[in-house]
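Construct all of the structure, not just a fragment, from the sequences and the given hints.
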Amino acid sequence: MSDAGPRILVVDDEPQIRRFLRVGLQSHAYAVVEAATAAAALRAAVTERPELVVLDLGLPDREGFDVLRALREWSRVPVIVLSVRSREDEKVRAFELGADDYVVKPFGMAELLARIRAALRRQVEREAPEPVFRVGGLEVDLVHRIVRVDSAEVRLSPKQYRLLQILVAHAGKVVTHGQLLSEIWGAAHRDDVQYLRVFIRKLRSRIEADPARPNYLLTELGVGYRLRTPDQLAGTS
Amino acid sequence: MSNYLKSALAVAVVALVGHVLTRVVPLPHVSVLFLAAVVTSATLWGLGPSLFAAILSVAAGSFLFYRPIYSFHVASPQDFADLIVFVVVAVLTGRLAARMRSQAREIAEARLKVQGEALREALLNSVSHDLQTPLASILGSATALETLGEHGEPRARRELVATVREEAERLASYIDSVLDLSRIRAGQLAPRLELVELADIVNAALRRKEKALAGHPLRIELPPELPMLRLDLFLMEHALANVLDNAAKYSPAGAEVSVVARREGSEVVLEIGDRGRGIPAEELDRVFDAFYRGSAHDGRPAAGSGLGLAICRAFVEGNGGAVAVLSAGPAQGVRVKIRLPVPTAAAASEEAADE
Chain A
1 MSDAGPRILV VDDEPQIRRF LRVGLQSHAY AVVEAATAAA ALRAAVTERP
51 ELVVLDLGLP DREGFDVLRA LREWSRVPVI VLSVRSREDE KVRAFELGAD
101 DYVVKPFGMA ELLARIRAAL RRQVEREAPE PVFRVGGLEV DLVHRIVRVD
151 SAEVRLSPKQ YRLLQILVAH AGKVVTHGQL LSEIWGAAHR DDVQYLRVFI
201 RKLRSRIEAD PARPNYLLTE LGVGYRLRTP DQLAGTS
Chain B
1001 MSNYLKSALA VAVVALVGHV LTRVVPLPHV SVLFLAAVVT SATLWGLGPS
1051 LFAAILSVAA GSFLFYRPIY SFHVASPQDF ADLIVFVVVA VLTGRLAARM
1101 RSQAREIAEA RLKVQGEALR EALLNSVSHD LQTPLASILG SATALETLGE
1151 HGEPRARREL VATVREEAER LASYIDSVLD LSRIRAGQLA PRLELVELAD
1201 IVNAALRRKE KALAGHPLRI ELPPELPMLR LDLFLMEHAL ANVLDNAAKY
1251 SPAGAEVSVV ARREGSEVVL EIGDRGRGIP AEELDRVFDA FYRGSAHDGR
1301 PAAGSGLGLA ICRAFVEGNG GAVAVLSAGP AQGVRVKIRL PVPTAAAASE
1351 EAADE
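Going line by line, the protein sequences match chains A and B.
For the first sequence, the numbering used here gives the first residue as 1, with consecutive numbering after it.
For the second sequence, the numbering used here gives the first residue as 1001, with consecutive numbering after it.
Note that these hints are calculated values from the structure, not bench results.
Bear in mind that the values here come from a model prediction, so they are computed numbers and not experimental data.
Backbone N, C-alpha and C fix where the C-beta goes; we use that ideal spot for every residue, glycine too.
Keep in mind that a hint or two might mislead.
Claimed, not checked - Between beta-carbon pairs, the in silico distance windows are:
id, chain 1, residue 1, chain 2, residue 2, range
1, B, Glu1194, A, Arg49, 39 to 49 Å
2, A, Asp66, B, Thr1344, 39 to 49 Å
3, A, Lys159, B, Thr1344, 43 to 53 Å
4, A, Ser182, B, Glu1282, 52 to 62 Å
5, A, Ser205, B, Ala1214, 26 to 36 Å
6, B, Arg1155, A, Ser182, 39 to 49 Å
Below is the structure:
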């Protein structure tokens, strides 16, 4: 087993799932560490220092959410959550506990690999943030607080800019409704998703060519919003 | 409770009619009129209300029609006998009619049960067939791969691997629709309505069906000024995804699929159109039946569960909307028209947020 690529901790209690993940990841030059229980996962996270964790939510000893919470107390390692359930409240919970991405079983290896690459790249970018965020024709100058679309400056209200700023800070990742609402309007408004929808509509009308078919600011139905990174934009036709 | 009230009302109506009639023509046996009220009560509202109607009839009859009028006293023995006969006949016909009513209900229930059994059986047959076919392909291809060993021809290997993937995907999408259907039938269809952007839902459905729609040029018209709608995000997204799936399945590669939304008064109309072979007029009203499958664009029976539109209709109606399928005839394509009500308070929160 070569140790050349990034080390990935795979946490799943199903041996068949672990097997195909191991084979699939190793053939793409990742080193794989496996854990079948929550306890083993937390041990391995300390001793093996993985660069990314693939975490199943249904574990025999404790919930996957517990692993995520415990991990986030001391580590910022990217975590991609796996679950058979496509229930949106679970996605929301995973993102709010600090998951970086979410893949619903059954999934294809190609999809998982793409998400792993994206999460690893975001980790690198997070360590050295750029003062100007660019995706397609959208440009957010975080130093001078200037937003341009196709080189033309766009005027945003302070709250619209704040929203964009939060999305830029988490570019490529889903930011949940609750996170955005409490950042912008305070914790008392955590549940006012309608506010946010109206607000996003206005922001889109300023930065998107066709607000009904957004190119940069995407909706994750029932979960939150995501600002695309340049390679996510390139990944679609 | 209100059935007793209705019985009382029926008696009152009869009494009034009788009262007016006796002024015009002499009615020797007003009790026959009251019998009508009793029988009506028995057939429509059951035994209890019919007995109640009989008692009221005796009271009303003796008060209004038998001498002395406007008194509950009945003077003539003949009238008294008339009343006794009335009570006996009323009770007998009341019981008879009530029994017929409950038998009719039992028959209806039994018929519903038979329909339920038939549906369950059809579901079971369809499920086992649709699960077995892809499973057989997966198992077959996987074992074939094993026997190929190290020396297998790369092309054979690729084909077998592709079969495993395609069939597993088919299995996954089939399981999805069965889960949808069981959710409807389990009565868990309690939509969580909230103000949402229709465009978000359309985009999510398009993204989910990206693979099925590949090779079909898309025409999407979602005017930015569309109002927000009060919908359940996920039910609507499922409903739309099912319709898009059909549009892709029933039209040849390269044929356009369109999604057009517009406001029409107090509704938003969402139309999904394809350029496929269309649906013959005589089959149009069957498309919403569970397990109905049209034939694909090449004339062969289409793959799939036959559940898509049944699920779509249940979900759209659960959202307070209506769905219709239109086809101008063979080779004219199909338009699925979904009407969704515009909530009256939609505009209220529009301006609230941006202060």
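Of all the hints given earlier, name the ones this structure violates by number, lowest first.
-> 3 and 6
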